[in-house]
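Protein chains in written order, with this note's numbering: chain A, 2 to 419; chain B, 2 to 419.
Rather than coming from a laboratory, the hints here were simulated on the basis of the structure. Honestly, I wouldn't trust all of these hints.
In this list, chains with the same sequence are indistinguishable; a pair is considered to hold if it fits within one copy or across any two.
[Stated by the list, open to error] With a cut-off of at most 30 angstroms between alpha-carbon atoms, the simulated DSS-like pairs for lysine-lysine come out as follows:
hint	residue 1	residue 2
1	K61	K351
2	K225	K5
3	K61	K195
4	K5	K351
5	K47	K110
6	K191	K110
7	K81	K36
8	K14	K298
9	K237	K188
10	K173	K98
Number of protein chains: 2
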Amino acid sequence: MDWKEKIILDVRKAKEASFILSKVTTEEKNMFLNKLIEKIEENREKIIKENQKDVDKCLKRNYSSAFIDRLKIDEKRIDKMIKSIKDVIALPDPVGKKIWETERPNGLKIERIRVPIGVIGIIYESRPDVTIEASILCIKSGNSVILKGGKEAKSTNLILVDIMKSALMETKLPVDSVNIITAGGRKAVKYILKLYQYIDLIIPRGGESLIKTVVENSYIPVIKHYAGVCHTYVDKDANLEMAWKVVLNAKVQRPATCNATETLLVHKEIAEKFLPKMAELFRMHKVEMRGCDETRKIITGIKEATEDDWYTEYLDLIISIKIVNNIEEAIEHINKYGTHHSDAIITENKESAEKFLREIDSAAVYHNASTRFTDGGEFGLGAEIGISTDKIHARGPMGLEELTTYKYVIHGNGQIRE
Amino acid sequence: MDWKEKIILDVRKAKEASFILSKVTTEEKNMFLNKLIEKIEENREKIIKENQKDVDKCLKRNYSSAFIDRLKIDEKRIDKMIKSIKDVIALPDPVGKKIWETERPNGLKIERIRVPIGVIGIIYESRPDVTIEASILCIKSGNSVILKGGKEAKSTNLILVDIMKSALMETKLPVDSVNIITAGGRKAVKYILKLYQYIDLIIPRGGESLIKTVVENSYIPVIKHYAGVCHTYVDKDANLEMAWKVVLNAKVQRPATCNATETLLVHKEIAEKFLPKMAELFRMHKVEMRGCDETRKIITGIKEATEDDWYTEYLDLIISIKIVNNIEEAIEHINKYGTHHSDAIITENKESAEKFLREIDSAAVYHNASTRFTDGGEFGLGAEIGISTDKIHARGPMGLEELTTYKYVIHGNGQIRE
């Protein structure tokens, strides 16, 4: 059997498993999740040992420390995995929920019911925490999952999938609910992306080049979780105390996340009052500033922000700063350079706020709050598989509901169309 | 300017128009639609004359009569266009609707609001009725539209777009809300499909090869409206009087539609009682039957149904018939050969009905009714841009709501993340 046949076999089994999974009860799914916690607890040592093999290989090959940090699993990371499984157990099951109903004049009763999507393909980099988190969200929402992770995490992923399969088996769910593709190496990605007869949705998790490869090669619908080039705009009518506090938080509270602010826009009328103290706060927190010409007249000695800077997700203690003539220019800048993720306005002027919230074309738009809140947990939606920067199907935090679709269920008593 | 530059210019203008369109009121959009009716009334003769040019060319080139029938516009077709505009005026505007809200313990007020998608590309064959219908649905839902229609309808499409643009102009909506791409010919399709910076969604309207081209080449999300290989399954516990009536309706009431039944599945225990009279009814209505071996023992003298038949959307007075051993076999057949469109069970047994409705993986599943009801109007949802056979974003009839997305709007008073 060559690698293509192996993959076809795997995705076929995943499709069959998805038909069974779509029928199981919430209790059965939660039983699996509880069993999975038990199995992970039992296998702590083994997981860390397998992970160490992956880590050792990468150390030998001189991978960056950031790469190895994302790859490495220690006791704390295992605690976090278990915590995330517990969170998913606590979430309500969206499957079977009636989201709309009507009775027609001819007596037809029409209902729209949430159902699982089917088979979901996750294409991701060498981050073994995704292996568990993506799988449990897919299964809780009744979908089976095809995992294609980075090769550097192969040993870790194999043991994690093995543990999930044994938890599935012991709780009588189909073992093919979770599948990992290792055959075919990198070539396999493009091949998987053509298998629309078996896979219903692809979610890429990773950097821009991975997402680009997926988008350009997939015949299957893709929901993208792109970078977050997020903005905070400080309007001329801002409460400056609030602005200093919120902008600082949006930048420094956790700079490596997609919802951290990367660009600060400031209305020219308040720039001279607002920026000096902001710069002082940034300096205290070791934030590198890069500014437009006008900004550099107020904050001297900082680097110039180039056209590239406006497009950049730093994921670091760096911020670009631009002074704008009015709110229209701020909106235009955000819609042009942003990634339609999360953007905020700080203002006491209701009209300006409403204009900003309406005209910014982003998944989450904020008035007087930090962009850092874009998160399934913070929104009260529970765990998420990512933050969608797409507009189709799911926008913003993508949780269990967004991992389902719906069907129309129609009850009649012999109606025919005239 | 070469054809690629021309297209870029058009899609850029469409994107700009979409920002304006997303802000206009329902009244403004309806004013445009009313003006459009007026303009079409004024230009009846001109439209028919331009259309005649297209028809004449196709007649010379010996296109099929079915093709020319779809292309041709007469007074009746214009009446139908006007009727469809009136229907869309009457529909509620989904834009701005609050679909969810919550207040978090930290005081953040989070709302999920319906907003337009942006720019929608419609790629279709030589059916000028689509030019109007797709455009008015997109505009009423606040989207601008890029039309790429079959070249045989070029003169007709140009006059229709011209009329729409003048109605837009006279009611002060952006004229670039509707754009037709004629530059580049067939090559343009593949080029348009890469322009994800400007176009947010592609809806192909046409046959399988058109949809295949779109799916295999698009970097932009696509919602497919595939063929309808729909089934009616007559269970062993069916009320036979109802079954005869419903099956006949599902096949013959309008065989050329995607929701007509193409395959009849019959439980073996009632086949001998049910099929003879069914065959008589089909013969009375000139329906060609093709059967499995078991069927042909009961209905003699009919053609054998081949493996290909089970996959075929006849769109004609032809039906394939298969006798199955049990409901499981019926479900398996439908999930394997169907297009996940519309499928029905006829039974008095509630348990069998529930099993069928739950396990059939289709957009619309019916108990004791004709598959012919899958339609936005019949569901009480209003006009539709098509019947989605996809599971992502829209499933089944795709109307105004499905032409929108949502954004999260968050109001705070200085909240920061701890």
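Hints, verified against the model:
1. Proximity of K61 to K351 under the C-alpha cut-off of 30 angstroms is found in neither arrangement, the shortest distances being 57 angstroms within a copy and 64 angstroms between copies.
2. In this assembly of identical chains, the alpha carbons of K225 and K5 lie at most 30 angstroms apart whether taken from the same copy (26 angstroms) or from different copies (27 angstroms).
3. Neither within a single protomer nor between protomers do K61 and K195 lie at most 30 angstroms apart by alpha-carbon distance, with minima of 35 angstroms and 40 angstroms respectively.
4. Taking identical chains as interchangeable, the C-alpha atoms of K5 and K351 are never at most 30 angstroms apart, the minima being 58 angstroms within one chain and 43 angstroms between chains.
5. In this homomeric assembly, K47 and K110 never come within 30 angstroms of each other (Cα to Cα): the closest approach is 54 angstroms inside a single copy and 45 angstroms across copies.
6. In this assembly of identical chains, K191 and K110 lie within 30 angstroms of each other by CA distance neither inside one copy nor across copies; the values are 43 angstroms within and 42 angstroms between.
7. In this assembly of identical chains, the alpha carbons of K81 and K36 lie at most 30 angstroms apart only when taken from the same copy (16 angstroms versus 60 angstroms across copies).
8. Within a single copy, K14 and K298 get their C-alpha atoms no closer than 64 angstroms, and across copies no closer than 36 angstroms, so neither meets the 30 angstroms cut-off.
9. In the homo-oligomer, the alpha carbons of K237 and K188 never lie at most 30 angstroms apart, since the shortest distance is 53 angstroms inside one protomer and 49 angstroms across protomers.
10. Proximity of K173 and K98 under a CA criterion of 30 angstroms is satisfied intra-copy only: 24 angstroms inside one chain copy versus 43 angstroms between copies.
Violated hints, in rising order: 1, 3, 4, 5, 6, 8 and 9; the structure is consistent with all others.
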